[in-house]
Amino acid sequence: MSRRPRASGYFRTHYAQDLALIETRAEWTALTALLIALAGLPFVASPFLLDLAAQVLLAGIGALALMLLTGYAGQVSLGHAGLLAAGAFTVGIAVKEFQAPIWVTLPSAALVGAGLGVLFGLPSLRLRGLYLAVSTLALHFLVVYLGAEYETRRGFSTGIVVDPPTIAGKAISDGRAWYFILLAAVAATLLLCLNLLRSKTDRAWVAIRTNETVAAALGIGVAAHKLLAFVISSAVTAVAGALFAYYRGFVSVEAFSLFLTIQYVAMIIIGGMGSLLGALLGAIFVTLFPYLIEAAVRMLPGAQGYAGMLFAVNYAAFGAVMMLFLVFEPLGLVGIWRRVQTYFLLWPFKHRGVGGRR
Amino acid sequence: MQLAVNIVVLAAIYALIACGYVLIYRVSRVLNLAHGELMMLGAYLLLATASQFTGHWLTAIGAAVGLSLLVGVLVYLFLMRKMAGEMVLAAVLTTVALGIFLRGLIVLVWSAQQQYPAHRLGIANFAIALPGGARVSFFAALLVMAAAATYAGILLFLRFGRWGVRMRAAGQNPLLAAQRGVNLHAVYALAWGLSTLTGSLAGMLIALDSGLDQTMAIVGLKAFPAALVGGLDSLLGALVGSLIVAAAEVLLIHYVDPLLSEVVPFLILIAMLIVRPWGLFGTREELDRV
Numbered sequence: 465m466s467r468r469p470r471a472s473g474y475f476r477t478h479y480a481q482d483l484a485l486i487e488t489r490a491e492w493t494a495l496t497a498l499l500i501a502l503a504g505l506p507f508v509a510s511p512f513l514l515d516l517a518a519q520v521l522l523a524g525i526g527a528l529a530l531m532l533l534t535g536y537a538g539q540v541s542l543g544h545a546g547l548l549a550a551g552a553f554t555v556g557i558a559v560k561e562f563q564a565p566i567w568v569t570l571p572s573a574a575l576v577g578a579g580l581g582v583l584f585g586l587p588s589l590r591l592r593g594l595y596l597a598v599s600t601l602a603l604h605f606l607v608v609y610l611g612a613e614y615e616t617r618r619g620f621s622t623g624i625v626v627d628p629p630t631i632a633g634k635a636i637s638d639g640r641a642w643y644f645i646l647l648a649a650v651a652a653t654l655l656l657c658l659n660l661l662r663s664k665t666d667r668a669w670v671a672i673r674t675n676e677t678v679a680a681a682l683g684i685g686v687a688a689h690k691l692l693a694f695v696i697s698s699a700v701t702a703v704a705g706a707l708f709a710y711y712r713g714f715v716s717v718e719a720f721s722l723f724l725t726i727q728y729v730a731m732i733i734i735g736g737m738g739s740l741l742g743a744l745l746g747a748i749f750v751t752l753f754p755y756l757i758e759a760a761v762r763m764l765p766g767a768q769g770y771a772g773m774l775f776a777v778n779y780a781a782f783g784a785v786m787m788l789f790l791v792f793e794p795l796g797l798v799g800i801w802r803r804v805q806t807y808f809l810l811w812p813f814k815h816r817g818v819g820g821r822r
Numbered sequence: 002m003q004l005a006v007n008i009v010v011l012a013a014i015y016a017l018i019a020c021g022y023v024l025i026y027r028v029s030r031v032l033n034l035a036h037g038e039l040m041m042l043g044a045y046l047l048l049a050t051a052s053q054f055t056g057h058w059l060t061a062i063g064a065a066v067g068l069s070l071l072v073g074v075l076v077y078l079f080l081m082r083k084m085a086g087e088m089v090l091a092a093v094l095t096t097v098a099l100g101i102f103l104r105g106l107i108v109l110v111w112s113a114q115q116q117y118p119a120h121r122l123g124i125a126n127f128a129i130a131l132p133g134g135a136r137v138s139f140f141a142a143l144l145v146m147a148a149a150a151t152y153a154g155i156l157l158f159l160r161f162g163r164w165g166v167r168m169r170a171a172g173q174n175p176l177l178a179a180q181r182g183v184n185l186h187a188v189y190a191l192a193w194g195l196s197t198l199t200g201s202l203a204g205m206l207i208a209l210d211s212g213l214d215q216t217m218a219i220v221g222l223k224a225f226p227a228a229l230v231g232g233l234d235s236l237l238g239a240l241v242g243s244l245i246v247a248a249a250e251v252l253l254i255h256y257v258d259p260l261l262s263e264v265v266p267f268l269i270l271i272a273m274l275i276v277r278p279w280g281l282f283g284t285r286e287e288l289d290r291v
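Quick mapping for you: the protein sequence lines, in order, are chains A and V.
Under this note's numbering, think of the first position of the first sequence as 465, with each following residue one higher.
Under this note's numbering, think of the first position of the second sequence as 2, with each following residue one higher.
Hints are computed from structural coordinates only; laboratory data are not their basis.
Any given hint could turn out to be false.
Unchecked claim - Listed next, with one range per pair, are the computed distances between beta-carbon atoms:
#1 A/496 / V/216: 50 to 56 angstroms
#2 A/714 / V/215: 23 to 29 angstroms
#3 A/563 / V/117: 49 to 55 angstroms
#4 A/621 / V/136: 29 to 35 angstroms
As the list claims (entries may be wrong) - For the chain V half of the interface with chain A, some residues (derived, Cβ under 8 angstroms), not all of them:
#5 32
#6 89
#7 94
#8 98
#9 105
#10 260
#11 263
#12 274
#13 278
Since the structure is predicted, the reported quantities are computational estimates derived from the model, not experimental observations.
We put the CB at the ideal spot given by N, CA and C, even for glycine.
Whole structure, please, built from the sequences with the hints as guidance.
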């Protein structure tokens with residue numbers, strides 16, 4: 465969260481104003497406009513666009529969770545797909561074996577996620593950086609293996625079919641209803657993150673990310689806060705996986721490959737490390753990217769010849785874009801956005817004043 | 002007896018691939034997660050040279066090996082050099098991105114079908130009977146010999162070669178090495194080239210033995226636990242680690258469950274990370290200083 469004051473001066477007269485997430489009238493206007501646009505979207509969009517929007521929202525939840533862990537607490541995880549799989553399989557198993565309703569499966573997915581978060585986080589107490597990434601990667605393979613084992617043992621070798629959930633006696637299978645459920649889920653996740661990120665927890669995380677030894681010397685419980693980061697992130701991720709299972713109506717290990725993990729990591733890199741806005745921008749970019757590529761390829765002459773090669777084009781373009789961002793724009797889309805903002809704020813000048821208030 | 006032969010062959014595959022991880026990590030502290038894809042690219046390069054030099058299979062393999070060295074150097078010069086001085090994690094993610102890019106590119110150029118370079122080169126694979134009733138295919142035997150030769154060559158090179166000493170120096174302390182006149186960029190480029198070369202050699206021999214398709218990159222990733230078990234900065238460790246991982250994998254598949262083949266290396270990896278994160282022969286990372 466940006467800590468620079470957003471109003472043109474300091475106008476706070478109550479303590480409540482210190483806690484407000486939204487300060488100025490312009491921000492209220494912008495938020496209202498955004499909410500109206502988001503609420504109106506399903507009534508004008510085609511089913512295809514609505515599905516895209518739902519995918520973006522699902523990715524957004526996962527990206528926010530990963531951003532908490534990697535972007536703020538500084539713990540690298542390559543096990544994100546494994547956690548999503550854990551959430552999805554919790555739903556699949558709970559629905560198949562116990563016919564559990566959604567208000568049981570979602571909390572149990574969160575619990576499973578939290579438990580796995582402890583497991584994924586335990587190596588972080590000893591390992592750092594590269595080694596931690598590798599250990600989470602290994603745990604990813606373990607979770608996916610367990611899922612595959614369940615599938616084959618119970619005879620769902622192609623995948624588990626999950627019936628649409630019923631809320632208040634009505635089955636939710638309509639795309640529009642799903643859009644609003646997912647929108648609410650993203651909003652809840654965002655609020656959770658925003659509030660976490662202005663608490664003591666966030667300051668402890670940032671201290672640990674910057675320098676663990678110093679953080680410990682300052683009296684911060686390094687181990688507890690690292691585990692907390694893993695637990696919160698994993699629980700949210702597992703819920704995202706559970707929603708994914710319900711939304712698709714189908715759970716299969718094939719969906720949770722290493723590539724999915726890389727896509728989520730790409731979201732927070734392309735979006736911009738250490739920014740919630742970045743996580744959302746990255747989720748939008750990475751989710752829509754394959755469709756953009758597909759549209760671009762169809763524009764080319766002789767499109768029919770490429771139709772079978774589309775996934776390869778996607779892979780190559782995705783890798784190339786990720787490399788370009790890492791090499792040329794490490795701050796990601798948020799970096800570009802901030803630069804544009806600064807340009808207009810300072811116009812007609814080019815640079816901020818030296819030594820003045822930033 | 003057949004089991005022992007299988008273990009040795011699998012260990013040789015893992016060892017030949019793992020030495021690429023070790024070379025790059027030892028010299029530049031970057032973990033190259035695109036190694037599997039680079040190795041696959043090497044195998045496909047053999048496919049390309051095979052159609053150029055039909056009949057001269059030694060020339061074809063030689064040309065492909067040379068090309069893969071070039072690929073490694075180019076990857077460093079045009080991509081990884083830009084990541085020098087960045088966070089280690091950013092560099093690792095760049096290699097991940099490179100891997101995805103290469104996977105797409107390879108399918109675009111060579112299609113996703115299974116290919117048989119041995120067929121194209123016009124050399125037939127045959128089984129060699131070993132004492133004790135075991136059998137091993139010609140290319141698998143070649144692979145074991147190639148792994149042995151590679152390890153001997155690289156160990157000697159690092160010990161006595163002028164550039165080998167420079168590589169060790171750059172790995173130990175880059176700043177000091179640079180101040181003593183070691184050209185770090187050249188050393189890193191050489192490490193990338195050599196690593197790609199050995200990986201590609203493994204890729205080519207596997208492809209000659211059992212055909213070539215997209216799954217080869219996964220073999221490359223499975224060799225990574227072998228490197229880590231032995232210690233990411235120790236060549237000897239990679240050799241021992243490969244033996245351990247290969248033995249565990251072959252025995253568990255044989256006696257317990259074939260489905261385990263995908264996870265066994267990673268289970269060993271987790272066990273190792275819990276007990277001794279720096280590996281059997283690796284050097285322990287330095288303490289934090291403030």
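Okay, the hints, checked on the actual structure:
| no. | hint | in the structure |
| --- | --- | --- |
| 1 | A/496 / V/216: 50 to 56 angstroms | 52 angstroms, holds |
| 2 | A/714 / V/215: 23 to 29 angstroms | 24 angstroms, holds |
| 3 | A/563 / V/117: 49 to 55 angstroms | 50 angstroms, holds |
| 4 | A/621 / V/136: 29 to 35 angstroms | 33 angstroms, holds |
| 5 | 32 | 5 angstroms, holds |
| 6 | 89 | 6 angstroms, holds |
| 7 | 94 | 6 angstroms, holds |
| 8 | 98 | 4 angstroms, holds |
| 9 | 105 | 3 angstroms, holds |
| 10 | 260 | 7 angstroms, holds |
| 11 | 263 | 7 angstroms, holds |
| 12 | 274 | 5 angstroms, holds |
| 13 | 278 | 5 angstroms, holds |
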